[in-house]
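Protein chains: 2
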Amino acid sequence: MTTPAKTPVGTGPEPYIVVSSDTHAGLQCEEYRPYLESSLHEEFDAYVAERHEHRRIQEEMNAEFLAEWEGDNAEGLLGAYDPDIRDKVLDADGVAGEVIFADGDAVTGQESPPFGAGLSAGQITDSRQAFGGARAHNRWLEEFCATNPVRRAGVALVPITHDVDEAVREIESLAGRPGIHGVMIPTMWHGFPPYGSDHYDRVWAACAETGLVVHTHSGEADFDAYGENVAMYINEVPFWTHRPLWQLLFSGKFDRFPGLKYCVVECGSYWLGDLLWKCDVNFGASWKAKKMGSRMKGLLTKLPSEYVGDSIFIGASTMSTEEIRRRHVNGIDALMWGTDYPHPEGSWPNTVMRLENDFREASIEDTRRLLGLNAIDCYGLDFDGLTAIAADIGPTPESLGQDPDLRTPPDATRTARWWLDEYDCSLQY
Amino acid sequence: MTTPAKTPVGTGPEPYIVVSSDTHAGLQCEEYRPYLESSLHEEFDAYVAERHEHRRIQEEMNAEFLAEWEGDNAEGLLGAYDPDIRDKVLDADGVAGEVIFADGDAVTGQESPPFGAGLSAGQITDSRQAFGGARAHNRWLEEFCATNPVRRAGVALVPITHDVDEAVREIESLAGRPGIHGVMIPTMWHGFPPYGSDHYDRVWAACAETGLVVHTHSGEADFDAYGENVAMYINEVPFWTHRPLWQLLFSGKFDRFPGLKYCVVECGSYWLGDLLWKCDVNFGASWKAKKMGSRMKGLLTKLPSEYVGDSIFIGASTMSTEEIRRRHVNGIDALMWGTDYPHPEGSWPNTVMRLENDFREASIEDTRRLLGLNAIDCYGLDFDGLTAIAADIGPTPESLGQDPDLRTPPDATRTARWWLDEYDCSLQY
Numbered sequence: 001m002t003t004p005a006k007t008p009v010g011t012g013p014e015p016y017i018v019v020s021s022d023t024h025a026g027l028q029c030e031e032y033r034p035y036l037e038s039s040l041h042e043e044f045d046a047y048v049a050e051r052h053e054h055r056r057i058q059e060e061m062n063a064e065f066l067a068e069w070e071g072d073n074a075e076g077l078l079g080a081y082d083p084d085i086r087d088k089v090l091d092a093d094g095v096a097g098e099v100i101f102a103d104g105d106a107v108t109g110q111e112s113p114p115f116g117a118g119l120s121a122g123q124i125t126d127s128r129q130a131f132g133g134a135r136a137h138n139r140w141l142e143e144f145c146a147t148n149p150v151r152r153a154g155v156a157l158v159p160i161t162h163d164v165d166e167a168v169r170e171i172e173s174l175a176g177r178p179g180i181h182g183v184m185i186p187t188m189w190h191g192f193p194p195y196g197s198d199h200y201d202r203v204w205a206a207c208a209e210t211g212l213v214v215h216t217h218s219g220e221a222d223f224d225a226y227g228e229n230v231a232m233y234i235n236e237v238p239f240w241t242h243r244p245l246w247q248l249l250f251s252g253k254f255d256r257f258p259g260l261k262y263c264v265v266e267c268g269s270y271w272l273g274d275l276l277w278k279c280d281v282n283f284g285a286s287w288k289a290k291k292m293g294s295r296m297k298g299l300l301t302k303l304p305s306e307y308v309g310d311s312i313f314i315g316a317s318t319m320s321t322e323e324i325r326r327r328h329v330n331g332i333d334a335l336m337w338g339t340d341y342p343h344p345e346g347s348w349p350n351t352v353m354r355l356e357n358d359f360r361e362a363s364i365e366d367t368r369r370l371l372g373l374n375a376i377d378c379y380g381l382d383f384d385g386l387t388a389i390a391a392d393i394g395p396t397p398e399s400l401g402q403d404p405d406l407r408t409p410p411d412a413t414r415t416a417r418w419w420l421d422e423y424d425c426s427l428q429y
Numbered sequence: 001m002t003t004p005a006k007t008p009v010g011t012g013p014e015p016y017i018v019v020s021s022d023t024h025a026g027l028q029c030e031e032y033r034p035y036l037e038s039s040l041h042e043e044f045d046a047y048v049a050e051r052h053e054h055r056r057i058q059e060e061m062n063a064e065f066l067a068e069w070e071g072d073n074a075e076g077l078l079g080a081y082d083p084d085i086r087d088k089v090l091d092a093d094g095v096a097g098e099v100i101f102a103d104g105d106a107v108t109g110q111e112s113p114p115f116g117a118g119l120s121a122g123q124i125t126d127s128r129q130a131f132g133g134a135r136a137h138n139r140w141l142e143e144f145c146a147t148n149p150v151r152r153a154g155v156a157l158v159p160i161t162h163d164v165d166e167a168v169r170e171i172e173s174l175a176g177r178p179g180i181h182g183v184m185i186p187t188m189w190h191g192f193p194p195y196g197s198d199h200y201d202r203v204w205a206a207c208a209e210t211g212l213v214v215h216t217h218s219g220e221a222d223f224d225a226y227g228e229n230v231a232m233y234i235n236e237v238p239f240w241t242h243r244p245l246w247q248l249l250f251s252g253k254f255d256r257f258p259g260l261k262y263c264v265v266e267c268g269s270y271w272l273g274d275l276l277w278k279c280d281v282n283f284g285a286s287w288k289a290k291k292m293g294s295r296m297k298g299l300l301t302k303l304p305s306e307y308v309g310d311s312i313f314i315g316a317s318t319m320s321t322e323e324i325r326r327r328h329v330n331g332i333d334a335l336m337w338g339t340d341y342p343h344p345e346g347s348w349p350n351t352v353m354r355l356e357n358d359f360r361e362a363s364i365e366d367t368r369r370l371l372g373l374n375a376i377d378c379y380g381l382d383f384d385g386l387t388a389i390a391a392d393i394g395p396t397p398e399s400l401g402q403d404p405d406l407r408t409p410p411d412a413t414r415t416a417r418w419w420l421d422e423y424d425c426s427l428q429y
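Protein chains in written order, with our numbering: chain H, 1 to 429; chain B, 1 to 429.
Note that these hints are calculated values from the structure, not bench results.
Possibly wrong hints are sitting among the right ones.
[What the hints assert, rightly or not] Within a straight-line C-alpha distance of at most 30 Å, the following computed DSS-like cross-link-like pairs (lysine-lysine) qualify: (1) K297/B to K278/B; (2) K288/H to K302/H; (3) K88/B to K288/H; (4) K288/B to K278/B; (5) K278/H to K6/H; (6) K88/H to K288/B; (7) K278/B to K278/H; (8) K6/B to K278/B; (9) K297/H to K278/H.
[What the hints assert, rightly or not] Listed below are several chain B residues computed to face chain H (Cβ distance under 8 Å; list not exhaustive): (10) F223; (11) S251; (12) L299.
In this text the structure is predicted, and so the values were computed from the model without any measurement.
We treat Cβ as the ideally placed atom computed from N, Cα and C, and that holds for glycine.
Assemble the whole structure, with the sequences as input and the hints as a guide.
Shown next as structure tokens:
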């Protein structure tokens with residue numbers, strides 16, 4: 001396996017190519033009907049009715065926030081499915097390109113794919129509904145991305161837990177479709193085999209071969225453990241979202257399927273550095289190796305942290321300033337900034353202000369990577385096309401108040417990953 | 001609820017009172033027979049036979065490590081149940097006092113309480129075996145701690161998931177026994193109600209009332225997800241071990257049961273600071289409060305980080321040097337160092353060397369807290385008695401190579417918890 005070539009990064013004053021690595025789009029739920037196989041129409045009507053009831057309850061429970069959010073952003077929210085409005089929103093936010101996930105409406109769930117086949121895919125128990133809902137969204141997503149293929153990279157839905165054969169067929173059919181750059185799998189495997197087992201190996205092989213990046217996105221968690229307690233949910237949801245990363249890594253999928261890329265989306269990056277420290281030491285410190293004996297042998301071909309930015313990417317969405325400060329320990333060539341548009345927990349419609357606030361202390365080269373180049377490399381986006389768009393709308397180093405002379409030291413990653421020297425790490429097995 | 005008084009901490013040259021917050025003790029498994037209710041003897045004999053078969057397999061699979069470990073430490077390993085040998089080991093390690101958990105033998109499991117009622121308690125499916133095995137160990141543990149009550153603080157076993165009434169009876173009966181300072185509950189609740197539900201409230205009330213500290217200890221994890229993959233286990237086991245902390249915290253148990261203390265043992269402390277940052281922001285940043293609306297209201301009475309060192313303690317075992325560096329962000333009055341004696345992943349028999357290596361850069365007052373004072377305060381240990389023992393065996397600031405003039409700044413915690421100012425945190429609900 002060779003490390004993929006990275007786009008060279010400039011330190012000049014030209015505008016940033018901002019690619020939002022986490023946006024959402026979807027039709028109003030009833031509008032998915034023509035995209036859905038007719039054998040599912042009857043159960044779909046029941047699903048739509050349930051969605052509207054869900055909306056009604058949200059309107060009762062959360063009236064004030066809903067009125068303010070939907071009132072202030074009425075036009076922009078239509079960009080969930082209207083491509084012209086969407087392009088205006090992206091322009092105003094300074095965003096050239098975007099990586100698009102399902103579920104445009106995170107507040108009342110009115111833009112979920114049929115049967116909740118998007119961020120709630122793991123909750124579906126009926127395989128026909130899981131695949132039918134996913135395919136309906138994928139058909140629409142392809143059309144939607146075609147409205148502006150330079151800007152829009154779609155992430156299709158593939159409920160791999162339900163049927164590996166059907167999942168592989170869907171992945172192979174997605175490969176030819178313009179605008180589709182990745183697949184999202186259910187965040188949790190529930191009662192199905194875990195992602196590190198051999199069960200899904202043909203899925204990983206198909207994704208590696210077609211170049212489709214595999215994603216899990218935050219949303220699901222172990223709901224039974226929380227009851228109504230939202231604080232418990234918030235605290236645990238990152239664990240459940242990035243859990244597949246370690247399943248794939250430690251089961252050697254990235255070694256066995258060269259070209260396989262996995263990206264964990266909207267669960268931050270703050271947890272990554274410490275886990276890399278711990279894993280690198282387990283695989284790389286000689287005194288650990290002595291104790292672990294043969295049980296770690298042959299699992300990996302390099303230290304865990306070396307997979308980051310090569311096979312492992314982080315769709316970190318709107319990073320906290322602390323996460324921007326930790327960019328080198330977490331992975332300067334793996335972290336991808338994002339707006340989460342049109343969700344209220346993201347930066348939209350204040351992205352420009354947010355960028356001006358948060359990136360002042362970062363070097364221009366680091367900022368180029370986090371804001372766009374990493375996504376361009378991870379997804380194979382159209383660099384020239386995006387450069388042309390960014391020329392008109394992108395923020396500049398000057399507008400972000402950055403020091404034009406600040407350079408990233410060549411050993412920034414090595415220094416940030418302090419454990420490599422402190423434990424004298426090198427692969428022991 | 002008032003913050004409990006802390007033992008004043010000196011900066012002088014006197015020896016450290018080292019209390020190992022994580023040691024293990026237990027009989028050779030067959031020796032538990034006289035401590036076990038006779039109605040369980042028949043199934044106990046089958047259990048003992050299974051343990052010996054387990055030993056045989058370990059001898060085959062792990063021969064080299066086993067021969068070296070058990071050969072080099074033959075006498076000291078007998079301290080798992082021989083009090084005189086144990087005191088010699090503690091003396092040689094410079095350890096004055098200890099907090100004792102079950103399962104002396106972590107390598108081949110020959111000193112597990114009946115039916116695995118110690119670190120594997122969550123795996124037991126039969127309630128009679130769960131309680132019977134726990135009670136057998138508790139009876140022996142009481143005797144064992146009585147051999148040197150100043151030095152030994154025992155943590156009894158209470159499998160609360162199986163029966164709340166029986167658990168409360170056991171806790172109440174433990175309260176009167178000298179040498180018993182805490183209870184260990186199953187690390188995972190499996191198919192039983194989660195620890196944050198109301199189901200166990202009488203357990204927490206009984207622990208608060210009796211002053212017994214509640215513990216979870218590393219060992220269990222979601223084994224079904226790993227197969228034979230030990231790297232997956234190592235990566236996840238901290239999550240499963242500290243998960244109950246957040247269940248108790250966010251369900252308001254520490255507010256509703258004043259005096260309730262919870263301690264998470266042998267899963268490090270590296271994960272704590274970042275989770276405190278995230279939780280404090282969720283409860284304390286005004287812009288978060290606006291979004292979360294009423295859903296967080298009334299869950300807590302102060303910021304999450306303020307429970308640390310008051311209701312929440314960390315039996316951090318042998319800390320890494322990085323974790324010692326992070327002592328202020330994680331909780332200078334909550335972290336408790338430990339040797340993990342007689343387990344091979346701990347510092348024994350090289351504790352003195354380890355302390356000399358790791359604490360050189362720490363202030364004397366911080367070192368006093370981490371090495372012993374926090375445990376003395378958490379468990380209400382005999383300060384004067386331990387001081388007398390430490391006078392003969394304890395390491396000194398000088399022997400650890402520390403700077404006698406180094407002082408901890410009064411605002412060290414506030415500075416380390418950078419998010420309090422950066423997000424202007426104060427409880428919003």
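Tested hints:
Our distance criterion of 30 Å between C-alpha atoms is met by K297/B and K278/B, whose separation comes to about 17 Å. Proposed proximity of K288/H and K302/H is supported: the alpha carbons are some 16 Å apart, at most 30 Å. For the hint linking K88/B to K288/H, the alpha-carbon distance of about 28 Å falls within 30 Å, and the restraint holds. Of the pairs offered as hints, the one joining K288/B and K278/B holds, with about 11 Å between alpha carbons and a cut-off of 30 Å not exceeded.
For the hint pairing K278/H with K6/H, the CA-to-CA distance comes to about 27 Å; that is within 30 Å, so the pair holds. Straight-line distance between C-alpha atoms of K88/H and K288/B comes to about 28 Å, which keeps the hinted pair within the 30 Å bound. A C-alpha spacing of about 21 Å is found between K278/B and K278/H, which places the hinted pair at or below 30 Å, so the restraint holds. With a C-alpha separation of about 27 Å, the suggested pairing of K6/B with K278/B holds against the 30 Å cut-off.
About 17 Å separates the Cα atoms of K297/H and K278/H, which keeps this hinted pair within 30 Å; it holds. With a least beta-carbon distance of about 11 Å to chain H, the hint placing F223/B at the interface is violated under the 8 Å criterion. Hint on S251/B holds. Least Cβ distance to chain H is approximately 6 Å, under the 8 Å limit. Here the hint on L299/B is kept, as its CB sits about 6 Å from the closest CB of chain H, short of 8 Å.
Hint 10 from the list above is the single one not met by this structure.
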